[in-house]
Each structure stands twice: as C-alpha cells, then as structure tokens.
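A.B. asks: Spelled out, the chains give:
2 protein chains.
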Amino acid sequence: MKHSRYDVGELKNVERVFLKEKIDLTGSEISINTLPKGSGFPFIHSHRENEEVYIILKGSGLVYLDGVETEVAEGTTIRISPEVKRGFMANDTDPMQFICIQSKVNSIDRVTREDGIRNKVKASWLK
Amino acid sequence: MKHSRYDVGELKNVERVFLKEKIDLTGSEISINTLPKGSGFPFIHSHRENEEVYIILKGSGLVYLDGVETEVAEGTTIRISPEVKRGFMANDTDPMQFICIQSKVNSIDRVTREDGIRNKVKASWLK
Numbered sequence: 000m001k002h003s004r005y006d007v008g009e010l011k012n013v014e015r016v017f018l019k020e021k022i023d024l025t026g027s028e029i030s031i032n033t034l035p036k037g038s039g040f041p042f043i044h045s046h047r048e049n050e051e052v053y054i055i056l057k058g059s060g061l062v063y064l065d066g067v068e069t070e071v072a073e074g075t076t077i078r079i080s081p082e083v084k085r086g087f088m089a090n091d092t093d094p095m096q097f098i099c100i101q102s103k104v105n106s107i108d109r110v111t112r113e114d115g116i117r118n119k120v121k122a123s124w125l126k
Numbered sequence: 000m001k002h003s004r005y006d007v008g009e010l011k012n013v014e015r016v017f018l019k020e021k022i023d024l025t026g027s028e029i030s031i032n033t034l035p036k037g038s039g040f041p042f043i044h045s046h047r048e049n050e051e052v053y054i055i056l057k058g059s060g061l062v063y064l065d066g067v068e069t070e071v072a073e074g075t076t077i078r079i080s081p082e083v084k085r086g087f088m089a090n091d092t093d094p095m096q097f098i099c100i101q102s103k104v105n106s107i108d109r110v111t112r113e114d115g116i117r118n119k120v121k122a123s124w125l126k
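Chains A and B are the protein sequences, given in the same order.
In terms of numbering that gives the first Met the number 0, the first sequence has 58 at position 59, counting the first letter as 1, and numbering is strictly consecutive.
In terms of numbering that gives the first Met the number 0, the second sequence has 107 at position 108, counting the first letter as 1, and numbering is strictly consecutive.
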C-alpha cells in the first residue's frame with residue numbers, strides 16, 4: 000500500500016499501541032506507551048540489532064541505562080544502542096507517556112533534503 | 000556513543016527540531032514540528048528511498064496524499080511510501096504539532112520480542 004493510516008484517538012487515553020502491523024511499517028517499529036504513575040518496565044532489556052529512540056510526551060520519571068539511573072521528563076529524547084541495558088519508570092505522581100521507535104542500526108543512508116524531492120503539484124492551501 | 004540524549008523541553012514550545020545529529024541516529028531521522036494555525040507545508044514533496052511516518056500530537060488539519068486531501072487530528076498516524084506526494088496543513092483555530100519519522104523502506108528485519116533480549120539486571124524499581 001502506498002499509504003496506511005490508523006487513528007489512536009486522544010493521546011491521553013492511549014495505554015499502549017504498536018504501529019508496525021497497523022500501518023504496514025517496513026523501516027521501523029513505533030509504539031506509543033503509557034506507564035501508570037509509580038510503575039516501571041517489568042524487566043530490563045537490550046536488543047540484538049535495533050537502536051531505540053524514546054521521546055517522553057508527558058510526565059516524568061527515570062531511565063536506567065547500563066546500571067545508571069537518570070531523571071527524564073516531557074521533551075527528553077534518548078537514542079540507545081542495541082547492546083545497552085535499558086528500562087523506564089514513571090514518577091509517583093503522574094503517568095508517563097512516551098513514543099518508542101525501533102530501527103536497524105546503520106540502516107539509513109540519506110535523509111530530508113538529500114532524500115526528498117520537491118514536487119510541483121499544489122495542495123489546496125498552495126493555490 | 001552507546002546512548003545519546005537531548006532535551007527539547009515542554010513540547011508546546013517546540014517549533015521544529017531535527018534529532019538525527021542531536022542524538023546520533025543511525026536508523027532514522029526524527030523531527031518534532033509545529034505548523035502555526037492556518038499554515039501548511041510550503042510545498043508538496045516525495046522521497047527517494049525513505050518511508051515517512053507522521054504522528055499528530057496536537058491540533059487538527061489536513062493531509063494531502065497524491066492529490067487527495069483528508070482530515071487529520073490528534074492521534075492520527077500515517078505511513079507514507081517514498082513515491083507518494085505529501086503535505087500537511089493546520090486548521091485555522093489551532094497549531095498542529097506532529098512527529099515525523101523517516102526510515103529506509105524494507106530496512107528492518109525483526110522487532111520487539113524477536114530483537115529484544117531480557118536481561119537479569121535489576122533497576123531500582125525492580126529490587
């Protein structure tokens with residue numbers, strides 16, 4: 000399919016959704032997740048060949064990275080190499096919502112201007 | 000680097016940030032963008048080899064996909080194949096914020112459980 004769409008609705012109501020199968024992703028797995036206040040990942044994990052990026056959308060808490068714990072909050076973005084042991088926990092006062100993006104390490108060659116093509120067609124707002 | 004971090008701060012204040020160089024991404028380019036109310040992409044574009052995923056975080060508006068315009072809103076997620084001509088516009092009443100993820104088509108082999116390794120180490124919340 001040339002494009003695929005899935006509506007998760009208001010983000011505050013999203014507990015956990017994985018998008019790869021819902022929108023036919025071929026270059027990543029993307030999930031939207033909410034940790035209830037005071038709760039954390041049930042175990043620490045690493046990866047074989049995927050890097051992960053976490054973007055905190057709401058709330059605050061802790062990230063565990065190879066034995067070191069650090070505070071995170073809305074707007075924190077972290078890239079984690081496959082072999083790093085990682086986990087997250089929400090603070091005691093609020094749920095913590097984040098987006099997690101998995102992609103294969105060293106898989107992208109060029110981005111944005113180098114990969115993009117400017118088209119001459121006009122959308123309604125460009126006419 | 001095994002992991003990299005960048006804090007963009009409260010999302011409502013983010014106009015546009017590209018994360019690839021800030022957190023050393025090797026499998027994707029990720030940006031957080033805000034279209035001011037009533038404004039859209041200044042031109043329609045496609046890509047050479049990257050698929051793009053858009054996740055609307057706030058607001059609502061329109062997406063243009065190969066000549067067809069459709070409404071989008073908070074919680075809309077869309078995967079777009081490289082060759083598709085695309086653009087977005089925010090409605091007249093609110094800014095529209097979204098995350099855009101570029102990754103190379105057909106670049107990921109296995110995800111989540113298949114790529115993950117459960118570690119025995121314990122974070123503070125697991126002890």
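Among the hints, a few may not be true.
A pair holds if it fits inside one copy or across any two, identical chains being indistinguishable in the list.
[Unchecked claim] List time: in silico DMTMM-like cross-link candidates among lysine to aspartate or glutamate, alpha-carbon distance up to 25 Å:
| hint | residue 1 | residue 2 |
| --- | --- | --- |
| 1 | Lys119 | Asp23 |
| 2 | Lys119 | Glu20 |
| 3 | Lys36 | Glu14 |
| 4 | Lys21 | Asp93 |
| 5 | Lys19 | Asp108 |
| 6 | Lys11 | Glu82 |
| 7 | Lys126 | Glu20 |
| 8 | Lys11 | Glu113 |
| 9 | Lys36 | Glu48 |
| 10 | Lys126 | Glu48 |
| 11 | Lys1 | Asp93 |
| 12 | Lys84 | Glu9 |
| 13 | Lys19 | Asp65 |
| 14 | Lys119 | Glu9 |
| 15 | Lys19 | Glu9 |
| 16 | Lys84 | Asp114 |
| 17 | Lys21 | Glu82 |
| 18 | Lys21 | Glu68 |
| 19 | Lys126 | Asp108 |
| 20 | Lys1 | Glu14 |
| 21 | Lys119 | Asp6 |
| 22 | Lys57 | Asp108 |
What the hints contain is simulated information worked out from the structure, not anything from laboratory work.
A.B. asks: Under a CA distance limit of 25 Å, which applies to lysine 21 and glutamate 68: within one copy, between copies, both, or neither?
C.D. replies: between (33 Å within a copy, 21 Å between copies)
A.B. asks: Tell me, please, which holds for lysine 21 and glutamate 82 at an alpha-carbon limit of 25 Å: within, between, both or neither?
C.D. replies: Close across copies (20 Å), not inside one copy (28 Å); limit 25 Å.
A.B. asks: Is it within, between, both or neither when you check lysine 36 against glutamate 48 at 25 Å Cα-Cα?
C.D. replies: Neither, since 31 Å and 40 Å both go past 25 Å.
A.B. asks: Please sort lysine 126 with aspartate 108 into within, between, both or neither, judging by C-alpha distance up to 25 Å.
C.D. replies: neither (34 Å within a copy, 42 Å between copies)
A.B. asks: If the cutoff is 25 Å on CA atoms, where do lysine 119 and glutamate 20 land: within, between, both or neither? Let me know, please.
C.D. replies: neither (32 Å within a copy, 29 Å between copies)
A.B. asks: At 25 Å max between alpha carbons, let me know whether lysine 19 reaches aspartate 65 within a copy, between copies, both or neither.
C.D. replies: between (27 Å within a copy, 22 Å between copies)
A.B. asks: Using 25 Å as the alpha-carbon threshold, which applies to lysine 119 and glutamate 9: within, between, both, or neither?
C.D. replies: Neither. Shortest intra-copy (34 Å) and inter-copy (36 Å) distances fail the 25 Å Cα cut-off.
A.B. asks: Within a copy, between copies, both or neither: which one fits lysine 11 and glutamate 82 at a CA-CA cutoff of 25 Å?
C.D. replies: neither (32 Å within a copy, 33 Å between copies)
A.B. asks: Is it within, between, both, or neither for lysine 19 and glutamate 9, if the alpha carbons may be no more than 25 Å apart?
C.D. replies: Cα proximity of lysine 19 and glutamate 9: one copy only (19 Å, versus 27 Å across).
A.B. asks: At most 25 Å between C-alpha atoms: does lysine 36 with glutamate 14 qualify within a copy, between copies, both, or neither?
C.D. replies: Intra 12 Å, inter 29 Å, cutoff 25 Å: intra-copy only.
A.B. asks: At most 25 Å between CA atoms: does that hold for lysine 119 and aspartate 6 within a copy, between copies, both, or neither?
C.D. replies: For lysine 119 and aspartate 6, neither the intra-copy (29 Å) nor the inter-copy (36 Å) Cα distance is at most 25 Å.
A.B. asks: My question is about lysine 11 and glutamate 113: at a cut-off of 25 Å on alpha-carbon distance, are they close within one copy, between copies, both, or neither?
C.D. replies: Classified as neither; 36 Å inside a copy, 29 Å across copies.
Violation of the numbered hints given earlier is confined to hints 1, 2, 4, 6, 7, 8, 9, 10, 11, 12, 14, 19, 20, 21 and 22; the remaining hints are satisfied by the structure.
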